[in-house]
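A.B. asks: Using the sequences and the accompanying hints, generate a full structural model.
Position in the sequence shown (first residue = 1) + 75 = the numbering used here.
If you are wondering where the hints come from, they were derived from the structure by calculation, not from laboratory data.
For every residue, glycine included, the Cβ atom is placed at its ideal position computed from N, Cα and C.
Just to be clear, a hint being listed does not mean it is correct.
[As the list claims (entries may be wrong)] What follows is a list of derived Cβ distance ranges for each label pair: (1) Q290 / D312: 32 to 42 Å; (2) F319 / V278: 48 to 58 Å; (3) A118 / N269: 50 to 60 Å; (4) N236 / E184: 32 to 42 Å; (5) A309 / P132: 42 to 52 Å; (6) F313 / T183: 25 to 35 Å; (7) D312 / Q245: 13 to 23 Å; (8) M105 / Q290: 28 to 38 Å; (9) Q290 / L123: 50 to 60 Å; (10) L227 / N269: 49 to 59 Å; (11) I114 / A263: 45 to 55 Å; (12) G327 / N269: 37 to 47 Å; (13) F78 / M105: 32 to 42 Å; (14) P280 / T304: 29 to 39 Å.
[To be verified] Okay, derived cross-link-like pairs now, BS3-like style, lysine-lysine, Cα gap no bigger than 27 Å in a straight line: (15) K277 / K292; (16) K113 / K323; (17) K241 / K323.
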Amino acid sequence: MEFTLGQFEFYLVILARISAFIYTAPFFSMNTVPQRIKIGLSAVLALLVFTLLPYQPLEYSGSIGYLGLVAMNVLAGVVLGLFANICTYILSFAGQIMDMQIGFSMATEYDPATRNTVSLTSNIYNYAVLLIMLVSRLHYYIIEAVVDSFELIPVSGVVLNAEIYKLMVQFVTDFCVIGFRITLPVFATIMIVNAVLAILAKVAPQMNMFVIGIQLKVLIGLAVLVVITLQLDAISDFVFDQMFSMLKQASGYLH
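C.D. replies: What follows is the structure, encoded as structure tokens:
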């Protein structure tokens, strides 16, 4: 088996893009995934992609040119991974809004996967979607997406379009809309509860509506959360569709 220096350079460029994707993609980028797993998975995937792709000699001038080629592929992997990973934060955003309405926003916990303090509902929804992704083998399709990116974006053809910011602005808008759509049942229910409590406070001012309202919001909020949880599979499908849509659109701005 022959393995020339040019082929080794070609392999390193592939490894750069796949490693950047693994370290930023959903599930694979979690801090709870061991570094050895990430490195080994990146090296094995790069070797498989190297055997599948037709070898093309790289065109660059000097060490600086090769470094720039590697940097552009790293940028391509980071962009694809971030645009896929950011879709999973929709449920975290929706969960935080739900907790603000119910009254759970003061009860936060430390998430070792993200190394941030998150609310209870957002953490539950986030891990539930990750479990659905693993059960449905969606992580295989995420790996397949980065492998297919080498056909759409050649190793030597990575060009970052300056208008990619428009895609990010559009996604941030959709991000807020989708988050509020998921939160709408809790938001509407708690608003009705607040209206009823306001009327009762005027009708029976001797009752302490503040104490009653806290308990009532928690009970009704939990009941609505149970109903929303039953629709978590449909919500997950919607989020996963958004993820692959973002991957396709981001790929279009990289060549």
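A.B. asks: Against each hint, give a clear statement of whether it holds in the structure.
C.D. replies: Hints, verified against the model:
no.	hint	in the structure
1	Q290 / D312: 32 to 42 Å	holds (35 Å)
2	F319 / V278: 48 to 58 Å	holds (53 Å)
3	A118 / N269: 50 to 60 Å	holds (56 Å)
4	N236 / E184: 32 to 42 Å	holds (40 Å)
5	A309 / P132: 42 to 52 Å	holds (49 Å)
6	F313 / T183: 25 to 35 Å	holds (26 Å)
7	D312 / Q245: 13 to 23 Å	holds (21 Å)
8	M105 / Q290: 28 to 38 Å	holds (36 Å)
9	Q290 / L123: 50 to 60 Å	holds (57 Å)
10	L227 / N269: 49 to 59 Å	holds (50 Å)
11	I114 / A263: 45 to 55 Å	holds (48 Å)
12	G327 / N269: 37 to 47 Å	holds (45 Å)
13	F78 / M105: 32 to 42 Å	holds (34 Å)
14	P280 / T304: 29 to 39 Å	holds (37 Å)
15	K277 / K292	holds (19 Å)
16	K113 / K323	holds (24 Å)
17	K241 / K323	holds (15 Å)
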